[in-house]
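As a plain string of letters, each chain reads:
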Amino acid sequence: MTIFVDIGALDDIPRQGARVIRTAQGCVAVFRTLDDRVFALDDRCPHKGGPLSEGMVHGDRVTCPLHNWVFDMNSGAAQGADEGAVRTWPVRVERGRVLISAELVSRSNAA
Amino acid sequence: MKKLVVIGAGMASGRLLEQLFEAAPGEWHVTLFNAEPRGNYNRLMLSPVLSGEKTYEQIVTHDADWYAAHGVDCRFGEPVVRIDRANRAVYSNTGGAPYDALVIATGSAPFIIPVPGSDLPGVVTYRDLEDTNAMIEAGVAGKDAVVVGGGLLGLEAAAGMAARGASVTVVHLMGHLMERQLDPAAGYLLQRDLERRGIKVHCKGATKAILGHDRAEAVLLEDGTVHAADLVCMAVGIRPEVRLANDAHLEVERGIVVDDALRTSDPHIFALGECVEHRSQVFGLVAPLYDQAKVLARTLLGEEAAFRPVQTATKLKVTGCDLYSAGDFAEGEGREDIVFRDPGRGIYKRLVLENDRIVGVVMYGDTADGNWFYGLMKDETDIGEMRDTLIFGPAFQGGTTLDPMAAVAALPPEAEICGCNGVCKGTIVDAVLGGAHTLDAVRACTKASGSCGTCTGLVEQVMKLTLGDGFVAPVPAGICKCTDHSHEDVRRLIRSMGLKSIPAVMQELGWKTVGGCHSCRPALNYYLLAEYPLDYRDDRQSRFVNERNHANIQKDGTYSVVPRMWGGVTTPGELRAIADAAEKYAVPMVKVTGGQRIDLLGVRKEDLPHIWADLNAAGLVSGHAYSKGLRTVKTCVGSEFCRFGTQDSTGLGIRLEKLLWGSWTPHKVKLGVSGCPRNCAEATCKDVGVICVDSGYQISVAGAAGMEVKETEPLASTPSEDEAVEIITAFIQLYREHARYLDRPYKWVAKVGLDWVKAQVADLPTRRALVERFEVSQSVYRRDPWAEHSTTTETPKWAPLADLTLEAAE
Chain A
1 MTIFVDIGAL DDIPRQGARV IRTAQGCVAV FRTLDDRVFA LDDRCPHKGG PLSEGMVHGD
61 RVTCPLHNWV FDMNSGAAQG ADEGAVRTWP VRVERGRVLI SAELVSRSNA A
Chain B
1 MKKLVVIGAG MASGRLLEQL FEAAPGEWHV TLFNAEPRGN YNRLMLSPVL SGEKTYEQIV
61 THDADWYAAH GVDCRFGEPV VRIDRANRAV YSNTGGAPYD ALVIATGSAP FIIPVPGSDL
121 PGVVTYRDLE DTNAMIEAGV AGKDAVVVGG GLLGLEAAAG MAARGASVTV VHLMGHLMER
181 QLDPAAGYLL QRDLERRGIK VHCKGATKAI LGHDRAEAVL LEDGTVHAAD LVCMAVGIRP
241 EVRLANDAHL EVERGIVVDD ALRTSDPHIF ALGECVEHRS QVFGLVAPLY DQAKVLARTL
301 LGEEAAFRPV QTATKLKVTG CDLYSAGDFA EGEGREDIVF RDPGRGIYKR LVLENDRIVG
361 VVMYGDTADG NWFYGLMKDE TDIGEMRDTL IFGPAFQGGT TLDPMAAVAA LPPEAEICGC
421 NGVCKGTIVD AVLGGAHTLD AVRACTKASG SCGTCTGLVE QVMKLTLGDG FVAPVPAGIC
481 KCTDHSHEDV RRLIRSMGLK SIPAVMQELG WKTVGGCHSC RPALNYYLLA EYPLDYRDDR
541 QSRFVNERNH ANIQKDGTYS VVPRMWGGVT TPGELRAIAD AAEKYAVPMV KVTGGQRIDL
601 LGVRKEDLPH IWADLNAAGL VSGHAYSKGL RTVKTCVGSE FCRFGTQDST GLGIRLEKLL
661 WGSWTPHKVK LGVSGCPRNC AEATCKDVGV ICVDSGYQIS VAGAAGMEVK ETEPLASTPS
721 EDEAVEIITA FIQLYREHAR YLDRPYKWVA KVGLDWVKAQ VADLPTRRAL VERFEVSQSV
781 YRRDPWAEHS TTTETPKWAP LADLTLEAAE
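So the sequences go chain by chain: A and B.
Each residue of the first sequence is one higher than the one before, counting from 1 in UniProt numbering.
Each residue of the second sequence is one higher than the one before, counting from 1 in UniProt numbering.
The shape of chain A in the complex, shown without the other chains (with noise of 0.2 Å):
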């Protein structure tokens, strides 16, 4: 069972937007969608590297800022033509509260 830890309040994320946490394996890109749903992705597009949680949002997908490039929030996978996948962390709403995998600050899983 997967054990979840706070990492802010919802509101702190805009919607439509996305702020980046810093983890043991990187930085994950937190996204709120305009109804509220969020997605956590590793912050780093497997094309060229770029930076997702400055990407725009729209529905459940987020275009990398660098070279357009669209991913699925909820699979982490590239979409159209374009092949590759980012990875995705289980991650949840509380009353107002942002909790996302504790995966995330186990020292052991650094890459």
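Mixed in with the good hints there might be a few duds.
Examples of chain A residues lying across from chain B (beta carbon under 7 Å, computed) [what the hints assert, rightly or not]:
1) Ile3
2) Ile7
3) Gly8
4) Asp12
5) Gln16
6) Pro65
With a straight-line cut-off of 20 Å between C-alpha atoms, the simulated SDA-like cross-links for lysine to any residue are [to be verified]:
7) Lys512(B) <-> Asp72(A)
8) Lys605(B) <-> Asp12(A)
9) Lys3(B) <-> Gln19(B)
10) Lys797(B) <-> Gly8(A)
11) Lys751(B) <-> Glu713(B)
12) Lys668(B) <-> Asp743(B)
13) Lys605(B) <-> Gly49(A)
14) Lys797(B) <-> Thr33(A)
15) Lys797(B) <-> Val70(A)
16) Lys143(B) <-> Pro110(B)
17) Lys481(B) <-> Gly8(A)
No wet-lab data here; the hints were simulated from the structure.
From the three backbone atoms N, C-alpha and C, an ideal C-beta is built for every residue, glycine too.
With chain A held as given, fit chain B onto it using these hints.
Below, chain B alone, put in the same frame as chain A:
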């Protein structure tokens, strides 16, 4: 079976064989000789092959299976060398064949001007697949190409090579392009469009020689001009290929002489296509050749038939150049003109009338009504009744709405839709009612739109009329995949429907996606803030990263910071503050930009509000080096210091920058102000450039110095600095209100026409209203975003939300 020998596998003989096999299969055994090592393909489609839009395989009209199915003995790559009329046989380079009837369809040969150097390697013609492949294989990208001849063929060759990346110059002997099809006004519009597409045009240019040692290097004209040329394409004209007929002592004038049944002076020999001369007329367009094929098929089947050439219409197959020409448009006694001009949109229509009948049609820019006019001309309809509104087309006759579908609905069944194949509206309607429900199916059974393809849209409209909602035509390109509405539509609807938010636009205009995408959202955000500066709140999340973060993202995710230096002028204090900031935040690179300011590259995102606060403290504000908005006003020192300066160019530049900064525009905007015509500020390749002269200020606009390089064009001159500022402000506002998002001013001006822009800013009330609307918008946007984002509440938002590495370490 009777023996038919055909010399030449071109479009005319191909159509003849189709007609023959369809009407009477098994009547003739056909032997087909062709000098080219292949069968028939659609020669009208060579220009898309040249430009890379199509391949040879896609333009083949008769493949090996077709010939085999009809028992045609194909002798491809075997040029016929002799006709033995006495024994009724032909001989090729390798064999021969006897005939009961012979058809000569040898077509035409390109004409090469016999100037010195015309035999050098690198001089090509443009007539068949070999020529096309030679041009493709020469690898024209990045090379200089000269096309000699500004007729249909020459312009298609020029456009094809330009599409493959060549730098193309068209040299044309006459005063305007396509003088056989266009009058000077339409020729001028065509030239303007081609020049916008980067093709240079030199009219009244007589070729004197082709220069070069081992191969073509340049073209020398009679007037002394030299155009560099790695490749020279001769497209001055064609002449009927009559050598075989000459050798066989058939009657030959300019072409092989044929009667109405297409019989030559030998009753067993027939001819058709571009090699024939019929009643002193030779033929170059495909429509009359197809008529000849029909007639000759009937002649060969022993039926009575007579060829009667009809007027044909011309369209140019160059993307973006929409022209239509038919009939006779020379001026003459008893002839009258009806002319419609909309220079702003580059539209020109001219009807030539004689005795209340249309005798000529020339259209440029909007050719939708061409076929309707053509029908009136062909039927010699008396247009006296509708003369007042004739030029507005069929939709206007009877007061129906100006709907393109209504125009097509108004066409009578016998109106010609496809000029190449002579297919009328009724035939298409019958085909659709008979079960052809797709464009391909209609094409297959009627041939409509199967040759040059320019009537495809019309054919689709006829299909839609016939099928109603059952037909889904390909729609014009929308902004992106989220909508079928074009940029222009969306802008118009935002205004007319009073839509004031992105969700409202997406809801009311039926967006197909949730939340749009990275293409439409920034465009919508711009259109809304430009339309409703006071009501609409800029949506940061609909902006690209650079505009959202007020800094330019670099490939490693760091940012560059460029403080504004008004007119490129700075102070020791500002420089000290920049130096301090660079050291404090360990900026890896400090660079001077092309816009006369200083770029701090490699700043981390969380440092941005801090470095901004430090710079703000020294009086420095954002330089908007990241925005679709005003970037810089580059200046020279002007009359303040320079011994040549005529006006205070630095002062004017600073004044303009302080007026315009912070404004959002469809794309970035850069200005330059030079104090004298020596132009040290390089003002004439900017979006707006000012050259100061003794008598005042010369304002020019629509320059470019990026992927494209383009000199500015004069907008206005004025003795007064105040008026210069007003004109420039009005121009910027006009651009903000009308240009499509991501069109730089030069692209926008090219679309609407400089004349229209001039007229808007020259008219004082219009100009003042533009300036006023600009000021309303600036009351919101003329402010420093760095200051707004470096407050104590905002600054924390630039740092990570959490740092789990610290918790891990605990």
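For each hint, the structure was consulted:
Because the closest C-beta pair between isoleucine 3(A) and chain B is about 13 Å apart, greater than 7 Å, the hint is violated. With its C-beta approaching chain B no nearer than about 4 Å, isoleucine 7(A) sits inside the 7 Å limit, and its interface hint holds. At about 5 Å, the closest approach between the beta carbon of glycine 8(A) and any beta carbon in chain B falls short of 7 Å, and the interface hint on this residue holds. Among the interface hints, the one on aspartate 12(A) holds; its C-beta lies about 6 Å from the nearest C-beta in chain B, closer than the 7 Å criterion.
Taking 7 Å as the C-beta cut-off, the interface hint given for glutamine 16(A) holds, the closest approach to chain B being about 4 Å. Satisfaction of the interface hint for proline 65(A) is found here, the shortest Cβ-Cβ separation to chain B being roughly 4 Å, below the 7 Å cut-off. For the suggested pair lysine 512(B) and aspartate 72(A), the alpha carbons sit about 17 Å apart, so the restraint of at most 20 Å is met. Straight-line distance between C-alpha atoms of lysine 605(B) and aspartate 12(A) comes to about 17 Å, which keeps the hinted pair within the 20 Å bound.
Proposed proximity of lysine 3(B) and glutamine 19(B) is supported: the alpha carbons are some 16 Å apart, at most 20 Å. Annotation: proposed proximity of lysine 797(B) to glycine 8(A) holds, straight-line Cα distance about 12 Å (limit 20 Å). Under the criterion of a C-alpha separation no larger than 20 Å, the hint pairing lysine 751(B) with glutamate 713(B) is consistent with the structure, at around 14 Å. As the CA atoms of lysine 668(B) and aspartate 743(B) are separated by approximately 9 Å, the hinted pair is consistent with the 20 Å bound.
A threshold of 20 Å between alpha carbons decides the hint, and for lysine 605(B) with glycine 49(A) the separation of about 16 Å falls inside it, so the pair holds. Proximity of lysine 797(B) to threonine 33(A) is assessed by CA-CA distance (about 18 Å); at most 20 Å being required, the pair is judged to hold. With a CA separation close to 25 Å, the supplied pair lysine 797(B) and valine 70(A) exceeds the 20 Å bound. Between lysine 143(B) and proline 110(B), the direct Cα distance comes to roughly 24 Å. Violation of the 20 Å bound is thereby established for this hinted pair.
A C-alpha spacing of about 36 Å is found between lysine 481(B) and glycine 8(A), which places the hinted pair above 20 Å, so the restraint is violated.
Checked against the numbered hints listed earlier, the structure breaks hints 1, 15, 16 and 17; every other hint is satisfied.
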